[in-house]
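J.: Residue numbers (numbering that gives the first Met the number 0), protein chains in the order written: chain Y, 0 to 317; chain L, 0 to 397.
Calculated directly from the structure, the hints in this document are not laboratory data. Just so it is clear, CB atoms sit at the ideal spot from N, CA and C, and this is done for glycine as well. Be a bit skeptical, because a hint or two may be false.
Pulled a few chain Y residues facing chain L out of the computed Cβ check, cut under 8 Å [what the hints assert, rightly or not]:
1) P67
2) S208
3) L211
4) E213
5) A214
6) L217
7) E218
8) V229
9) T230
10) P236
11) L239
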Amino acid sequence: MQNPDQTKKRADGAPSPLVGEGNRLSVPQHLRVHIHGWLLLLPAAVLLVAFTYYPAVRTIFDSLFSTPRGVRGAVFVGMDNYAAMLADPVFVRALVNNFVYAACVIPLTIALALSMALWVDGRIAGRPFLRLSFFTPTVLPMIAVANIWLFFYAPGYGLLDQILGLFGFSAHNWLGDQHTALACLIAVAIWKDAGFFMIFYLAALQQISPQLAEAAALEGASRWYFFRRVTFPLLMPTTLFVLVNAIINSFRLVDHIVVMTQGGPDNATALLLFYIYEVGFKFWDTAYAATLTVVLLTLLAVFALGQFLILDRRIHYQ
Amino acid sequence: MTFTKQWFTAIVTSGTAGTGGLGGRRKLKSLAGSMRCTTWAARENAVSQISVVDVSKYWGATRAVDGVSFAADAGSLLVLLGPSGCGKSTTLRLIAGLEQVSGGRIFIGGADVTALPPAKRRIAMVFQSYALFPHLTVAENILFGLKVRKVAAAERDRRLERVAALLGLERLLARKPAQLSGGQQQRVALGRAIIAETPVCLMDEPLSNLDAQLRAEMRREIRSIQQKLGITMVYVTHDQSEAMSMADRVVLMREGKVEQAAAPDDMYARPATVFAARFIGTPPMNILPAAPDIAAADQVLMGVRPEHVMLGHDIGMPLRVRGVEFFGADTVVTCAYGEATLTARVPGKATLSAGSAIRVHWRPEDLHFFDAASGRRRDDVMTLAIGDAKQFVHAGLA
Ligand SMILES: Nc1ncnc2c1ncn2[C@@H]1O[C@H](COP(=O)(O)OP(=O)(O)OP(=O)(O)O)[C@@H](O)[C@H]1O
Ligand SMILES: [Mg+2]
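Whenever a hint applies, use it, and build me the whole structure from the sequences.
T.: In structure tokens form, the structure reads like this:
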């Protein structure tokens, strides 16, 4: 709410000192100020254009053409790629999988991160040790993590089966079963990201003055009431940030799938980005991969916009 | 021995100055009492009194509060005063129940609350940093406690209207704390405390974040609200002028212990120790080696307030001026007094400069005596005669 006010003030009010000076200076000098400014922006702008905007625009462009094969160059095909996509059962499967995956991972990760942060923020013994152990999964490389979990899930001798064996369950091929494979990936993702997001929550919690809790305690507010009415609203900026990151993470997951399931069994764990990778770099159908990428980018853009437009208005920033 | 002036004759220092002041205080309190009849606290008057009995709080080896006892009358304002780190905040937090006592008992309204949680003690508190909820509007902040206690909406609105009118917050109710000035935030914190209509209110340095002018204004405002509503208030400050101007009773603390508990005028007129003497009043009281003609001069220290030191050219002991500070209404003159320094506060602008020779004197009844070893006040010391300047010259002080 404050930001638009400020910009408005600047727009309506007196011109900024830089512009004011520019008016007084002769034209070449006025220009020099602008050139100076643009030159300072140039390195960042070049990188952004080269690696973000140009590829994005080029992807949209490519998605309207056919894949060049051998002597046959790319031909403009209009929306044909998109029509083919809608008829592609693997794409639909990947899309559904991805939504299921996101719908499980995001709320669970955030809830777990927040709970851990609240717990670690409290007065408990061995706090530094707990903080470190919660954060460790984040520090480990993705591939190493996936390999560790591969062992956990291994049928028969894996950790999970060994533990369940103690209770009399028979061995199960967790990653090889259509019904459990996606859940296994979800568990890994939650385990990996919760510690990372916890750090943000912890930092935000420590920004909240302990006197607020004392003031509420004097009024007789229960801990749950205080959390609901004070802590949680004050953590909303962090939650928004974490939410954006969690959504992006869940739509760009590929490493774990490559190591653990290769999208199988029967595409049960194929997610969007993994499917794009397969189409683009295994089947070399670059135009179709571009089409899929446009869908992914659009999805992410819609999510991000929605979050900032809808949630931002209801969030209190300090 | 020549007696040049009458007020240099020997007197027995006694607390006569204090009694007149006490009478004045009684009058003020009865006025406050009559105003109180119309307020909610009238119902609670008989019981809304705080007493702290031999309370201690230790953190490992630190004795933050060490055997402190005092009591606040119903409807009075008690100030906890002392230098930084003397245990004022800790004492207040013990009364609020935000800390657990290591020893002793706390009574509020006659009931032993030592083991009760904060919410059960029927108190309100204003924190130094106000502790306003930054995401809630002024109205929501003020109503927070009533909503917790599920007070009916109609009653909430009625009380909010009344508190907002009392504090002049009517037009700020929809704002967030960040959109308020320091003084307005302070008023919101005050509003949150008084809307609870608890008979006891605790305040921890509520004005320390404000500028000097606003501080003086808020000081008067808090005092008048406290009197109007008949709240029993415990107010923490390290500013002696705030304590003197607001309090019915001042509890001066030092290193976790009570140094002196008295009405402000009493404390000014009869400080119990050298520490109390120097803590109350600006600039602090001059503490000097006793003049040689005083009984047991080697065992006592002599104190005289700067405002009681009179400057002249004809009478008193000759001293040399070291420095002159002009403050507008008065001037503080620093003189060399043997090894020590003597400050004098004189009205108006003094036409003196460093190096000038002047003479100083004071009335014998303005002298205070303290035991040199313990620092405690001694009322048994008799000045035989503080004669003319010759004696000071004789004592090598000039
Ligand atoms: N939680 C704590 N743990 C250990 N020591 C503490 C704690 N809180 C206060 N103390 C110590 O207790 C003593 C009294 O602290 P307190 O906060 O009551 O001082 P104060 O009189 O309010 O000072 P100030 O005017 O600076 O606020 C200090 O020496 C302080 O270091
Ligand atoms: Mg304090």
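J.: State the violated hints by number, sorted upward, taking the hints as numbered earlier in the document.
T.: 1, 9, 10, 11
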